[in-house]
Amino acid sequence: MYLCTFKNSTNMTSENKAYNKLIEAGVHPSAQRLAIMEFLMENHTHPTVEDVYKGLCPKIPTLSRTTVYNTLRLFSEHQAAQMITIDEHRVCYDGCVEPHVHFYCKKCKRVIDMPEEEAPKLVQNRNIHGNIVDEIQLYYKGICTECAQKEITEHSN
2 MYLCTFKNST
12 NMTSENKAYN
22 KLIEAGVHPS
32 AQRLAIMEFL
42 MENHTHPTVE
52 DVYKGLCPKI
62 PTLSRTTVYN
72 TLRLFSEHQA
82 AQMITIDEHR
92 VCYDGCVEPH
102 VHFYCKKCKR
112 VIDMPEEEAP
122 KLVQNRNIHG
132 NIVDEIQLYY
142 KGICTECAQK
152 EITEHSN
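Just so we're aligned, residue 2 is where the sequence shown starts under our numbering, counting upward by one.
No lab work stands behind these hints, which were simulated from the structure alone.
Just to be clear, a hint being listed does not mean it is correct.
Per label pair, the in silico range of CB-to-CB distance [stated by the list, open to error]:
(1) 32 <-> 142: 31 to 39 Å
(2) 29 <-> 152: 46 to 54 Å
(3) 142 <-> 62: 35 to 43 Å
(4) 15 <-> 121: 28 to 36 Å
(5) 152 <-> 118: 18 to 26 Å
(6) 131 <-> 108: 36 to 44 Å
(7) 62 <-> 16: 12 to 20 Å
(8) 143 <-> 60: 29 to 37 Å
(9) 155 <-> 131: 47 to 55 Å
(10) 55 <-> 146: 21 to 29 Å
(11) 16 <-> 55: 19 to 27 Å
(12) 74 <-> 149: 31 to 39 Å
Dumping the calculated DSS-like pairs for lysine-lysine here, alpha-carbon to alpha-carbon at most 25 Å [what the hints assert, rightly or not]:
(13) 55 <-> 107
(14) 108 <-> 142
(15) 110 <-> 55
(16) 151 <-> 107
(17) 110 <-> 151
(18) 18 <-> 60
(19) 142 <-> 107
All values reported here derive from a predicted model rather than from experimental measurement.
The beta carbon of each residue, even a glycine, is placed where N, CA and C say it ideally should be.
Let the hints inform the model, and build the full structure from the sequences given.
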């Protein structure tokens, strides 16, 4: 079962947790990178580049969308964050890189963690028929319980 935890997280500030995560991933922790990682770790909404940008702009007015985009890509390349590609128009990010399953709601467009679903375990650089696998992404698509309930309520009225 999935449970996203951050190493050595007891009694640490969110900035210290973000700092440690970047160091462990081999990413130099600049002020903007720390803020972006902190945002990912505190917002479990699977934000897009735009979400991160809008969330941090009031705090860091000099932040650019390009910086957010490049930083999130860097985090993904260093396995400090997970890039979730829903389709060619929607890419979001998850600060939790532990294997877990996601659900994408086609109605409300949310990406939801599915902690009750068992995620496949990945043996480092697993070889499948000559192909070397270094990442597995698993997500379901459909209608979430909230949207399904709204549909039932609307149809019964």
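Tested hints:
{"no.": "1", "hint": "32 <-> 142: 31 to 39 Å", "verdict": "37 Å, holds"}
{"no.": "2", "hint": "29 <-> 152: 46 to 54 Å", "verdict": "48 Å, holds"}
{"no.": "3", "hint": "142 <-> 62: 35 to 43 Å", "verdict": "37 Å, holds"}
{"no.": "4", "hint": "15 <-> 121: 28 to 36 Å", "verdict": "30 Å, holds"}
{"no.": "5", "hint": "152 <-> 118: 18 to 26 Å", "verdict": "23 Å, holds"}
{"no.": "6", "hint": "131 <-> 108: 36 to 44 Å", "verdict": "40 Å, holds"}
{"no.": "7", "hint": "62 <-> 16: 12 to 20 Å", "verdict": "19 Å, holds"}
{"no.": "8", "hint": "143 <-> 60: 29 to 37 Å", "verdict": "35 Å, holds"}
{"no.": "9", "hint": "155 <-> 131: 47 to 55 Å", "verdict": "51 Å, holds"}
{"no.": "10", "hint": "55 <-> 146: 21 to 29 Å", "verdict": "27 Å, holds"}
{"no.": "11", "hint": "16 <-> 55: 19 to 27 Å", "verdict": "20 Å, holds"}
{"no.": "12", "hint": "74 <-> 149: 31 to 39 Å", "verdict": "34 Å, holds"}
{"no.": "13", "hint": "55 <-> 107", "verdict": "23 Å, holds"}
{"no.": "14", "hint": "108 <-> 142", "verdict": "10 Å, holds"}
{"no.": "15", "hint": "110 <-> 55", "verdict": "18 Å, holds"}
{"no.": "16", "hint": "151 <-> 107", "verdict": "14 Å, holds"}
{"no.": "17", "hint": "110 <-> 151", "verdict": "15 Å, holds"}
{"no.": "18", "hint": "18 <-> 60", "verdict": "19 Å, holds"}
{"no.": "19", "hint": "142 <-> 107", "verdict": "7 Å, holds"}
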